Structure formats: C-alpha cells, structure tokens
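Residue numbers (my numbering), protein chains in the order written: chain F, 261 to 510; chain Y, 291 to 613.
Hints are computed from structural coordinates only; laboratory data are not their basis. Among the hints, erroneous ones may be present.
What the hints assert, rightly or not - Pairs of lysine-lysine, PhoX-like flavour, derived with a Cα cap of 20 Å: (1) Y/Lys-293 with F/Lys-389; (2) F/Lys-286 with F/Lys-395; (3) F/Lys-392 with F/Lys-414; (4) Y/Lys-600 with Y/Lys-293; (5) F/Lys-366 with F/Lys-395; (6) Y/Lys-293 with F/Lys-387; (7) F/Lys-323 with F/Lys-395; (8) Y/Lys-600 with F/Lys-384; (9) F/Lys-456 with F/Lys-389; (10) Y/Lys-293 with F/Lys-375; (11) F/Lys-384 with F/Lys-414; (12) F/Lys-375 with F/Lys-387.
Being a predicted model, the structure only gives us computed values, none of them experimental.
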Amino acid sequence: MLRLDGINKLFGGLTALEDVSLSVTKRSITGIIGPNGAGKTTLFNIVTGLYTQTSGQVYLGEKNISFFAPESLASLGLVRTFQNVELFGQMTVLENVMVGLHTRSKSGIFSCAFKIPSQIREEKYIKEKGLKWLKFTGLTDCADLNACNLPFGKGRLLEISRALAVEPQIILMDEPAAGLNSRETVELAGLIRRIKELGITVVLVEHDMELVMDICESIIVLNLGKKLACGTPREIQENAAVISAYLGEG
Amino acid sequence: MTKERRQILIFLFFAAAVLVTPLFLKGSYFLNVLIFIGINTMLAVALNLLLGYAGQISLGHAAFFGLGAYISGILTTRFPIDPWLAMMLAGFCAAGLAFVIGFPILKLKGHYLAMATLGFGIIMYIIFNETVGWTGGPSGLSSIPNLHIGSLVFDNDWNNYYLIWIFTLGVMLLSINLSQSRIGRALRAIHDSEVAARVMGVNVRVLKVQIFAVSALLSAIAGSLYAHTMTFISPVAFGFNFSVEILTMVIIGGLGSIYGSFLGAAILTMLPELLRVFQDFDIIIYGLMLILITMYMPGGLISGIEMLAKFVMSKIRGKQSNA
Numbered sequence: 261m262l263r264l265d266g267i268n269k270l271f272g273g274l275t276a277l278e279d280v281s282l283s284v285t286k287r288s289i290t291g292i293i294g295p296n297g298a299g300k301t302t303l304f305n306i307v308t309g310l311y312t313q314t315s316g317q318v319y320l321g322e323k324n325i326s327f328f329a330p331e332s333l334a335s336l337g338l339v340r341t342f343q344n345v346e347l348f349g350q351m352t353v354l355e356n357v358m359v360g361l362h363t364r365s366k367s368g369i370f371s372c373a374f375k376i377p378s379q380i381r382e383e384k385y386i387k388e389k390g391l392k393w394l395k396f397t398g399l400t401d402c403a404d405l406n407a408c409n410l411p412f413g414k415g416r417l418l419e420i421s422r423a424l425a426v427e428p429q430i431i432l433m434d435e436p437a438a439g440l441n442s443r444e445t446v447e448l449a450g451l452i453r454r455i456k457e458l459g460i461t462v463v464l465v466e467h468d469m470e471l472v473m474d475i476c477e478s479i480i481v482l483n484l485g486k487k488l489a490c491g492t493p494r495e496i497q498e499n500a501a502v503i504s505a506y507l508g509e510g
Numbered sequence: 291m292t293k294e295r296r297q298i299l300i301f302l303f304f305a306a307a308v309l310v311t312p313l314f315l316k317g318s319y320f321l322n323v324l325i326f327i328g329i330n331t332m333l334a335v336a337l338n339l340l341l342g343y344a345g346q347i348s349l350g351h352a353a354f355f356g357l358g359a360y361i362s363g364i365l366t367t368r369f370p371i372d373p374w375l376a377m378m379l380a381g382f383c384a385a386g387l388a389f390v391i392g393f394p395i396l397k398l399k400g401h402y403l404a405m406a407t408l409g410f411g412i413i414m415y416i417i418f419n420e421t422v423g424w425t426g427g428p429s430g431l432s433s434i435p436n437l438h439i440g441s442l443v444f445d446n447d448w449n450n451y452y453l454i455w456i457f458t459l460g461v462m463l464l465s466i467n468l469s470q471s472r473i474g475r476a477l478r479a480i481h482d483s484e485v486a487a488r489v490m491g492v493n494v495r496v497l498k499v500q501i502f503a504v505s506a507l508l509s510a511i512a513g514s515l516y517a518h519t520m521t522f523i524s525p526v527a528f529g530f531n532f533s534v535e536i537l538t539m540v541i542i543g544g545l546g547s548i549y550g551s552f553l554g555a556a557i558l559t560m561l562p563e564l565l566r567v568f569q570d571f572d573i574i575i576y577g578l579m580l581i582l583i584t585m586y587m588p589g590g591l592i593s594g595i596e597m598l599a600k601f602v603m604s605k606i607r608g609k610q611s612n613a
C-alpha cells in the first residue's frame with residue numbers, strides 16, 4: 261500500500277532520517293513508535309509532501325509519489341492529521357469537514373459565483389457527506405459551532421472527520437492520543453478500528469504504548485533516524501534492541 | 291427559517307432599499323454621494339474577497355481601479371470602440387495582469403506581500419502620470435463617452451445611480467454566492483491554516499492567484515464604470531492614498547462580510563462630507579477609527595451591528611416569555 265525505499269533526510273549537517281525503508285500493508289493499522297527525536301514526524305512530513313527528502317523514494321500502491329505536493333496527494337487518497345491539531349478555527353465544524361470534500365467536488369469560481377444548477381447539486385452533496393462524517397465521529401451536535409470553540413478532544417475528532425471526508429485510501433495520524441484523557445483514548449481506539457473497517461489503511465505515530473499495542477497489527481520502531489525493528493506488537497515487546505533504546509543499556 | 295432563506299430575504303430587502311432610495315431624495319447632491327458609495331462598495335467587496343476571505347493583503351488595489359478606468363477611457367476616446375466592449379476588455383486586461391504578477395508576488399506573506407502590492411500600485415500610478423500621450427498625464431483624460439443601451443444614455447445622475455447600483459448589487463450577490471461555496475470555504479481555509487488546506491487538497495498557490503485575478507477584474511469594472519459616469523479621470527484618484535482608503539473601508543466595515551464592505555464604503559464616502567468643518571484633521575479621525583475598531587471590534591462595525599441585533603432579539607424574546 262505505502263512503501264518507503266531508502267529515505268534519507270538531512271537538515272544542514274544533521275541527519276534526521278538515515279536509510280529508512282518500510283512498507284505498510286493494505287487495510288492494516290500500523291504504528292510507528294520511537295523515543296523523542298527519532299524522526300517520526302519528519303517521516304510523516306516527507307510522505308505527505310511537506311518536506312522533501314534528501315534521497316529515497318515513496319510509493320503509494322504502484323505509484324511513485326516521492327516528490328508530490330500535499331495538494332496532489334489528497335486526490336490520490338493520502339491524507340494526514342497533525343500533532344497540534346490544525347483546524348480552520350474561524351469556520352464551523354461542518355464547514356471544516358466540507359473543506360475535506362474539496363477534492364471530491366469540482367465547481368470553479370464562476371460556477372460558484374453564478375450558482376449554476378450543477379453547483380447547487382454539488383453543494384447539497386458536500387453538505388450531506390459532511391454531516392455523514394460528523395455522525396460517524398459523533399460530532400453532529402457541534403456542527404454549527406466555530407471550530408476554535410471546540411474542546412481539545414473534540415478538535416482531534418474533527419480533524420479525523422475532516423481527513424475521512426477526503427475519502428482516503430490511507431490516513432496518517434500524528435499522535436492522535438496526545439492530550440486526550442483515558443476515556444477519550446479508549447473511544448479513539450474504537451474509532452480507529454471503525455476506520456479500518458471502512459477499508460482504510462491507518463498509520464499512526466504514537467507515544468501511548470497501551471494504545472499502540474492494543475490496536476496496531478504491526479509496529480515499526482525508529483531510533484535516532486534509523487529503523488530499529490519491525491514486527492507484531494508481541495515481537496516488538498520482546499525485542500532486546502527496542503528495550504535498550506527505550507530504557508537505556510541494562 | 292433556514293439560514294439560506296434568511297440570507298436571500300436580507301439581500302432582497304437590501305436591494306429593494308437601494309432601488310427605492312432615490313425616490314425620496316431631492317437634488318443631485320445626495321444622488322452623487324450614493325453613486326460614489328456604490329463604486330466604493332464594489333471596490334471594497336473586491337478587496338474583501340482577497341483580504342477578508344483568503345487573508346492576502348493588497349495595498350495596490352487603486353491601481354486595478356485606475357487600470358480599468360484608463361483602459362476604458364483610452365479605448366473609447368482614441369478608438370471607435372463601444373464603451374461596453376471597452377469595459378469588458380478593461381476587466382479582462384486587469385485580470386490578466388493580476389494573473390501574471392500574482393504568481394510571483396502571492397508567494398510572499400504578510401509585510402512582504404504588502405510591500406510588493408504597494409510597489410505595484412506606485413508603478414501603475416507613475417505610468418498613469420507619465421504616459422502623457424495616452425493618459426493625458428496629470429491633467430487627466432476628458433470627454434469619455436457615457437454608456438448607453440439603445441437610446442437610453444447614462445448621462446444624468448438618476449440613470450447613473452441605477453447603472454452603478456445594479457452593478458454593485460450584482461457584484462455583492464456574486465460575492466455572497468462565492469463566499470458560501472466550496473471556493474469560499476477553501477479561501478477561508480487558506481486564511482486559517484495554509485498547511486491544513488494543502489493537505490485537504492486545496493491548491494493554495496493557484497487559488498490565491500485566481501481570487502487575486504477576480505478581485506482585480508471587479509476593481510477594473512468599477513474603474514470602467516467610474517470613467518464612463520464621470521467622463522473625466524486623472525491619476526490623483528488612483529494613488530496610494532486611495533488604496534489605503536479601500537483597505538480602511540474593508541477593515542472598518544468588517545473583514546469577510548460583504549454587507550460590512552458596503553457599510554465601510556458608505557461611512558468612508560460620507561465622512562469627508564460630514565467632516566468638512568475639520569478640514570485637514572479628517573485624516574486623524576480616520577486613523578483613530580481604524581485603531582479603535584481593530585482594538586475593540588476586530589470583526590468590524592458589521593459585527594457590532596450583529597451583536598446589537600442579537601441583544602435586542604434576546605431582550606424581546608425574554609419579554610415574551612415573561613409575559
């Protein structure tokens with residue numbers, strides 16, 4: 261589904277990622293873990309086109325997407341959420357999700373200004389779909405609130421709803437559980453499973469080990485910019501190199 | 291009543307008020323002021339699409355206004371071209387120019403974008419002044435023909451009022467439609483978080499340039515209308531001061547509100563008339579208004595009016611439930 265081949269990233273003289281290769285199976289939940297500064301977010305930024313890698317290739321299915329801009333990746337079905345929740349604060353919750361349908365609609369400036377019939381139909385479709393995704397994540401009651409007035413946990417859910425509205429094949433979540441309380445984290449785990457059931461591949465960077473071990477089918481461990489290990493949760497828990505990276509040499 | 295219904299009603303009410311107003315006015319003075327309010331509303335709405343929705347500043351919008359006026363003026367005085375055709379060409383040229391300069395300058399952000407558009411405005415102002423052979427230079431371009439439809443010639447205040455305001459209402463309606471569509475949402479998304487907008491598949495670079503071109507097109511049409519109704523234009527009207535004045539209208543009225551742009555345009559057009567007694571001190575009053583409004587009412591006067599309306603409505607409802 262998603263394959264990275266020999267990714268290197270240098271920031272000046274600093275090596276953020278060194279020869280990272282990995283692949284993600286279709287319709288699975290994959291976790292990327294590692295201590296702070298391991299390069300997890302950098303990896304996400306490269307896959308989603310926000311950073312350009314120094315060398316290496318990224319493939320989505322058979323397609324080489326190595327140097328694609330973020331805006332073209334959305335229409336190919338690759339979408340992400342952010343660690344610090346990037347919402348459109350001055351827009352309503354529903355409007356936020358409706359922006360997610362940007363690539364699934366096509367009326368231009370003039371058809372929008374003159375409200376031609378096909379644009380009115382499209383607008384209705386966008387709204388229905390948007391409401392559908394709000395229902396999926398349980399935000400229907402907040403639809404008309406401004407996004408900046410949402411509590412943090414609901415902001416997270418909104419970001420996920422907005423990403424789902426893109427109708428992605430694969431969704432990358434950057435620390436979805438950060439800042440959530442334990443009840444919200446349990447709900448998030450359920451939501452991620454339901455997303456997988458829709459046939460969407462999920463990749464997440466996460467520090468909450470309980471969550472990762474609970475929902476992920478395979479785990480990739482990064483440390484100091486290198487891939488340290490990959491395998492099932494059980495294999496990772498027993499991997500000596502991983503334990504020493506997290507806890508230091510015994 | 292749904293939100294859409296209410297908006298249609300508000301627009302119809304506004305349009306009706308605009309169309310009947312001249313019936314209650316005596317003399318051409320007020321009619322003239324209202325004509326200028328119409329032209330300024332078009333300009334403020336055009337800039338608002340760029341500044342209020344997409345969040346991109348322009349300190350050179352008077353240049354597009356001037357470009358529209360001069361292209362229309364030159365084409366109709368020096369060539370046997372119909373004024374309506376000249377207006378279309380003016381809009382088309384301004385949009386084309388905006389498209390060409392938009393790609394490099396809209397990569398800039400914040401102060402740098404402000405400086406680039408300011409520079410563009412100044413360059414255009416110099417061109418209006420110095421190409422004397424075409425524009426007439428500082429002494430201006432006169433005897434520009436009026437617009438006409440068949441035998442109906444727009445050469446008196448009454449006709450001009452309706453000409454200008456039908457265009458203004460059209461521009462307002464189209465802008466309201468645009469702001470509530472996927473394009474409007476994408477623009478506001480750019481304003482709030484460019485990176486998230488890109489991840490959602492919004493082509494930020496192209497959309498910014500497109501809305502810049504649309505804004506230039508509307509400004510140029512306002513300029514063309516100005517040239518054909520005044521029949522005389524000179525560079526003074528298209529300088530840096532006027533760019534700032536349009537910006538002030540948008541901010542005082544309310545960023546991201548089409549009716550706010552009308553309010554801002556109306557206030558800034560009428561104020562100089564009311565403040566004549568203060569003579570040169572009027573600039574101080576503008577400055578003060580801008581500071582006070584950005585400090586205490588960042589949503590502009592229109593947000594103040596909305597708050598007041600909500601307050602009054604809740605009072606009325608409260609009374610009803612008590613009774």
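Comparing the hints with the structure gives:
1. Y/Lys-293 with F/Lys-389: holds (19 Å)
2. F/Lys-286 with F/Lys-395: Measuring from Cα to Cα gives roughly 26 Å; hence the hint is violated.
3. F/Lys-392 with F/Lys-414: The given pair, whose Cα atoms are some 16 Å apart, holds under the 20 Å limit.
4. Y/Lys-600 with Y/Lys-293: Measuring from Cα to Cα gives roughly 15 Å; hence the hint holds.
5. F/Lys-366 with F/Lys-395: Given that 20 Å is the threshold and the Cα spacing comes to 24 Å, the pair is violated.
6. Y/Lys-293 with F/Lys-387: holds (14 Å)
7. F/Lys-323 with F/Lys-395: violated (33 Å)
8. Y/Lys-600 with F/Lys-384: Violated, at roughly 28 Å.
9. F/Lys-456 with F/Lys-389: holds (19 Å)
10. Y/Lys-293 with F/Lys-375: holds (17 Å)
11. F/Lys-384 with F/Lys-414: At roughly 25 Å apart (the allowed maximum being 20 Å), F/Lys-414 and F/Lys-384 break the hint.
12. F/Lys-375 with F/Lys-387: holds (16 Å)
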